[in-house]
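Undergrad: Chains as they are written, first to last, in my numbering: chain A, 1 to 202; chain B, 1 to 279.
No lab work stands behind these hints: they were computed from the structure.
Don't be surprised by glycine CBs; every beta carbon is placed ideally from N, CA and C.
Please note that the accuracy of each hint is not assured.
[Stated by the list, open to error] Here are the computed distance ranges between Cβ atoms for each label pair: (1) A:127 to B:165: 44 to 52 Å; (2) A:127 to B:273: 37 to 45 Å; (3) A:47 to B:170: 51 to 59 Å; (4) A:14 to B:171: 52 to 60 Å; (5) B:205 to A:64: 49 to 57 Å; (6) A:164 to B:171: 27 to 35 Å; (7) A:14 to B:60: 54 to 62 Å; (8) A:44 to B:196: 35 to 43 Å; (9) A:92 to B:205: 23 to 31 Å; (10) B:171 to A:17: 28 to 36 Å; (11) A:73 to B:190: 49 to 57 Å; (12) A:101 to B:209: 53 to 61 Å; (13) A:71 to B:270: 47 to 55 Å; (14) B:165 to A:106: 29 to 37 Å.
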Amino acid sequence: MDRDSKLRRLHYLGKKLPHMTASALAGVLEEVQKHGAIDLHQRKHIREATHKELSKYDEYGPMFCEVALEGEQPCTATIVNLHALLFAAFGQGGGFYKLLKDTMQKTPPTPHSPYQLILYSDEVVPGNVLSADNRRKCWLVYASIAQFGSEVLSQECAWLTLACCRSSFLTHCFAGIGQLMKAIIKKKIRMLCVIFKKEGFY
Amino acid sequence: MCDLQEGGILLKGPDGDHCRIWIQLGCLVQDGAAHRAVFSVKGDSGTRCCLLCRNIISKRSKLTNEEGGEILLTDNVKEADCVFTSDNDIWNSIQRLRTNYGIMCLGLWAYFLLWCGFVLGEGPYICHVGVCCLCHWPRSKADFNLWQQASGMNYQPHGLLFDDSLHTSPRPILKPASQFMHDWMHLMCVGGVCQTTIYLFLEGAGKKTGQNLYPMIAGYMALWTLPQSKSINLQSLFSTKRQKSNKEAQTFKCNASEVLALMPILAMFVLCHFEIWPL
Numbered sequence: 001m002d003r004d005s006k007l008r009r010l011h012y013l014g015k016k017l018p019h020m021t022a023s024a025l026a027g028v029l030e031e032v033q034k035h036g037a038i039d040l041h042q043r044k045h046i047r048e049a050t051h052k053e054l055s056k057y058d059e060y061g062p063m064f065c066e067v068a069l070e071g072e073q074p075c076t077a078t079i080v081n082l083h084a085l086l087f088a089a090f091g092q093g094g095g096f097y098k099l100l101k102d103t104m105q106k107t108p109p110t111p112h113s114p115y116q117l118i119l120y121s122d123e124v125v126p127g128n129v130l131s132a133d134n135r136r137k138c139w140l141v142y143a144s145i146a147q148f149g150s151e152v153l154s155q156e157c158a159w160l161t162l163a164c165c166r167s168s169f170l171t172h173c174f175a176g177i178g179q180l181m182k183a184i185i186k187k188k189i190r191m192l193c194v195i196f197k198k199e200g201f202y
Numbered sequence: 001m002c003d004l005q006e007g008g009i010l011l012k013g014p015d016g017d018h019c020r021i022w023i024q025l026g027c028l029v030q031d032g033a034a035h036r037a038v039f040s041v042k043g044d045s046g047t048r049c050c051l052l053c054r055n056i057i058s059k060r061s062k063l064t065n066e067e068g069g070e071i072l073l074t075d076n077v078k079e080a081d082c083v084f085t086s087d088n089d090i091w092n093s094i095q096r097l098r099t100n101y102g103i104m105c106l107g108l109w110a111y112f113l114l115w116c117g118f119v120l121g122e123g124p125y126i127c128h129v130g131v132c133c134l135c136h137w138p139r140s141k142a143d144f145n146l147w148q149q150a151s152g153m154n155y156q157p158h159g160l161l162f163d164d165s166l167h168t169s170p171r172p173i174l175k176p177a178s179q180f181m182h183d184w185m186h187l188m189c190v191g192g193v194c195q196t197t198i199y200l201f202l203e204g205a206g207k208k209t210g211q212n213l214y215p216m217i218a219g220y221m222a223l224w225t226l227p228q229s230k231s232i233n234l235q236s237l238f239s240t241k242r243q244k245s246n247k248e249a250q251t252f253k254c255n256a257s258e259v260l261a262l263m264p265i266l267a268m269f270v271l272c273h274f275e276i277w278p279l
């Protein structure tokens, strides 16, 4: 195949596939050339692979959990399991691991002087700022630890996302975000349970 | 047991190292709209505009302090005059709201049940003026709305503050007054203190010196090169068009990113130039 034909094929490949950036397409092709194509390549396989990866960190329950909310009709919202997220972020190593390790050396937590959890929530409209679509408006809840210090807390990466719920969904729930925050605080901060895993008692 | 507050959480590092951390709820950081939604309060547009002050009411409410009591309007600027709300004040307020909802909105049956509770000694169902619940009857929903306005709270039985399990012994974790924190960025930089201060400075300094500071500062801003991540044209904030627009709005119009980038340079301008121009 000559160069012109290859370029034409590459162009039509980009057009044919669902949108992805040129860098993403280049990355995928390079990876396939280096390691060969994977047998499992359907959408459901990608989801399955993600769940499989997340399940490695389920010592404190699944990474995502459902909370029941009361509204005009009973409904559920998906929130992140703070315990599992902390466990995964620490277990993977990297930036969060170093940050928490440094903080623990400077100010070690004890049952009598625990770390102070900060919960932050706000409404955001995702998408193009020049053409905001308010139907996509969401309530987001983030968490971080006060002992990280103001310099670290001013960085976006120091905040863990706990929940993302469409505002239109929460308007159908009694007390809206108030009820969701209550569920997060009750379920994730005051969660009282005994978990037996393969490695013993946590 | 994986209660973050008492049992802590055991974390395992990539090298197999273990450590346990204990975490308790420290604060809830939110802007005004989020506080209103989460804490079921009326917010800054209500007559009781601040959850944390017991004696401050909105100036817009047109309620004057004719009797010379301790009620202050929102134009009060002295912290020493404020009477701050405690966590218990808020819980008591929620309890009164709940009781009054039963009495004023649920009608005679609720009144009867409450009265039974009083007679059976399960009460005492004391209202805010120290009188039993009998004094509230008969009342209507309009009265309850007035009560909500006066207390600065909305009755939302599914809301965060209406869950008794979060603040009762043995392990209370929610302390609404102690854990209440304003998002300072909104307060200072989103149509806030910074914008008003810059506008007042430009107007005041302009009058004193007899010069229009806008073109002068625009020229000064052009001398600076911001980091690549901050692609903001600070010079354009001091254009003639903006000056007119600011005058009409009685504030310096700019968004939070702009004011955060602008403030240090403006501070440098003031320090460098206003020593030789005493105001």
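Undergrad: With reference to the structure, classify each hint as holding or not holding.
TA: Hint-by-hint comparison with the structure:
Distance hint check: the CB atoms of residue 127 of chain A and residue 165 of chain B are about 38 Å apart, inconsistent with the given range 44 to 52 Å. Range check, residue 127 of chain A to residue 273 of chain B: Cβ separation about 43 Å, and the 37 to 45 Å hint holds. Between residue 47 of chain A and residue 170 of chain B, the C-beta spacing of about 42 Å breaks the proposed range 51 to 59 Å. Range check, residue 14 of chain A to residue 171 of chain B: Cβ separation about 57 Å, and the 52 to 60 Å hint holds.
Here the CB-CB span from residue 205 of chain B to residue 64 of chain A is close to 55 Å, well matched to the stated 49 to 57 Å. Roughly 29 Å separates the CB atoms of residue 164 of chain A and residue 171 of chain B, a value that falls within the hinted 27 to 35 Å. A hinted range of 54 to 62 Å holds for the C-beta pair residue 14 of chain A and residue 60 of chain B, which are about 58 Å apart. Checked against the given bound of 35 to 43 Å, the beta carbons of residue 44 of chain A and residue 196 of chain B, roughly 55 Å apart, lie outside it.
Separated by about 54 Å at the C-beta atoms, residue 92 of chain A and residue 205 of chain B break the suggested range of 23 to 31 Å. Judged by the Cβ atoms, the range 28 to 36 Å given for residue 171 of chain B and residue 17 of chain A is violated: they are separated by roughly 53 Å. Between residue 73 of chain A and residue 190 of chain B the beta carbons are some 36 Å apart, a value that contradicts the proposed interval 49 to 57 Å. About 55 Å separates the C-beta atoms of residue 101 of chain A and residue 209 of chain B, a value consistent with the hinted range of 53 to 61 Å.
Between residue 71 of chain A and residue 270 of chain B the C-beta distance comes to about 53 Å, which sits within the given range of 47 to 55 Å. The hinted window of 29 to 37 Å between residue 165 of chain B and residue 106 of chain A holds, with their beta carbons roughly 34 Å apart.
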